[in-house]
Amino acid sequence: MRRKGVNLGIASAIFALMTGTVIAGLLPLIMPLGWAAGGVLDTGQTAPERWWLAGGAAVVLFAPLCWRMQAWERLWWLAVLMPGLAGAVMLFGWRASRDQPHPRLVEGTAAAMDAGVGLVTALPLFWAEGALPGLTGARGQVRSPLIDHLGARPLDRIDITSLRGISALVIAQPRLLQPAELVALDDWLRRGGRAVIFADPLLLWPSALPLGDPRRPPLTSLLDPLMAHWGLRLEPVLPGADGVDRRMLGAGHMLMLAGASRFTRMAQKEASTRCVMTEQGLMALCRVGQGRVRLVADADLLDDRLWLADRRWAARKEAHAADILPLLDGWVADPLSAPIQPAPRRVTNDAALIAALRLVLLAALGWAGLGWFGHRLLRAHKEM
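One point on numbering: in this note's numbering, the residue at position 51 of the sequence shown is 51, and numbering is uninterrupted.
Because the hints were derived from the structure by calculation, they are not lab data.
Be careful, since some hints might not be right.
[Claimed, not checked] In silico SDA-like pairs for lysine to any residue, Cα to Cα no more than 20 Å straight-line:
id : residue 1 : residue 2
1  : 382       : 72
2  : 317       : 68
3  : 317       : 7
4  : 317       : 66
5  : 317       : 48
6  : 382       : 48
7  : 382       : 31
8  : 317       : 32
9  : 317       : 57
10 : 382       : 69
11 : 317       : 336
12 : 382       : 73
13 : 317       : 143
14 : 382       : 370
15 : 382       : 365
16 : 317       : 246
17 : 317       : 72
18 : 317       : 340
19 : 382       : 53
20 : 317       : 33
21 : 317       : 69
22 : 317       : 49
23 : 317       : 42
24 : 317       : 344
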């Protein structure tokens with residue numbers, strides 16, 4: 001009777017370790033020995049490697065429970081535990097990301113970083129908020145990891161001189177551009193330029209500066225004249241849509257949006273400009289003369305507080321809660337192209353996360369029960 005109770009306790013421990021291992025992957029991201037562990041809630045990523053630390057800890061915790069058993073019993077329960085841990089992790093990852101789109105990607109290789117990328121923005125990407133360009137000292141040197149990744153250089157003004165040597169532009173919620181700058185930008189694009197434009201109708205980027213401070217980024221996009229010239233309208237944010245939105249794109253990539261809107265078509269003034277909407281209007285893909293432009297109806301997605309789980313590991317993909325960096329790489333190389341780099345496996349939404357946890361609980365209960373029943377049969381066979 002005592003032996004049956006012990007075996008039932010071992011089966012219960014296996015159930016607890018299987019479920020506990022999966023739940024441990026939801027804890028905050030850490031990088032022991034340089035390997036990512038946990039962080040599923042922080043990043044949404046479900047790669048099985050994230051459970052290496054939790055799985056190892058489960059095996060270590062289980063060892064004392066079966067230390068005094070006979071050799072065959074110890075091997076049996078380890079043979080139940082090890083596949084159980086791996087299966088629970090794989091099952092969770094499959095169910096949590098089951099509905100993630102994975103279309104066939106276009107053939108090609110990831111584009112090399114373009115050395116001629118210019119950035120026009122009023123957002124605090126190059127320098128800390130309120131700092132003056134070129135300011136030395138800690139406050140002036142804080143900049144977004146996105147800048148280091150892109151290798152972009154700031155442009156304070158758009159004209160023939162500043163655009164010399166620039167092959168691609170990233171324009172993100174800029175200050176009010178003068179008419180001469182808009183003309184220079186439009187002309188540069190029509191001669192074959194490439195641009196990615198982030199236009200936000202309701203910027204939610206946190207700021208310590210008071211409203212009306214000229215150092216504060218514009219609360220709404222000031223590019224309406226340019227967009228109207230191309231036959232586009234940036235719609236206002238719908239009521240209730242002014243929060244953070246975890247948006248999965250059609251190619252399976254994830255973006256963290258805030259106060260995002262959509263583009264709609266207007267009567268086109270220029271026959272040489274052709275635009276198509278994608279992602280339910282979140283983006284507009286335009287051919288402006290010989291140039292190519294991608295417009296995105298949000299700028300908050302560039303805020304590393306949204307797309308980066310931990311700034312200490314900005315260069316590690318495992319710490320990214322959204323795919324803005326690989327997407328931006330592709331957009332800068334060709335604003336109209338589909339993504340070349342595949343999206344990592346991610347939890348699609350809260351409902352998928354809950355469903356995955358429920359499935360793991362049921363599977364762990366069934367697996368532990370089978371292990372207990374198999375042990376009984378094996379023991380009965382040995383005692384015959």
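For each hint, the structure was consulted:
1. 382 <-> 72: holds, 10 Å
2. 317 <-> 68: Given pair residue 317, residue 68 is violated - Cα atoms ~44 Å apart, limit 20 Å.
3. 317 <-> 7: violated, 43 Å
4. 317 <-> 66: violated, 39 Å
5. 317 <-> 48: holds, 15 Å
6. 382 <-> 48: Not OK: residue 382 and residue 48 at ~37 Å, beyond 20 Å, violated.
7. 382 <-> 31: violated, 46 Å
8. 317 <-> 32: Holds, because 16 Å separates the two Cα atoms, which is no more than 20 Å.
9. 317 <-> 57: violated, 24 Å
10. 382 <-> 69: Distance of about 15 Å is within 20 Å: holds.
11. 317 <-> 336: violated, 24 Å
12. 382 <-> 73: Holds, at roughly 11 Å.
13. 317 <-> 143: holds, 19 Å
14. 382 <-> 370: Holds - the C-alpha atoms of residue 370 and residue 382 are around 18 Å apart, at most 20 Å.
15. 382 <-> 365: violated, 26 Å
16. 317 <-> 246: holds, 18 Å
17. 317 <-> 72: violated, 43 Å
18. 317 <-> 340: holds, 16 Å
19. 382 <-> 53: violated, 36 Å
20. 317 <-> 33: Cα-Cα ~16 Å, so holds.
21. 317 <-> 69: violated, 44 Å
22. 317 <-> 49: holds, 13 Å
23. 317 <-> 42: Answer holds: residue 317 to residue 42 is near 13 Å, not above 20 Å.
24. 317 <-> 344: Answer holds: residue 317 to residue 344 is near 9 Å, not above 20 Å.
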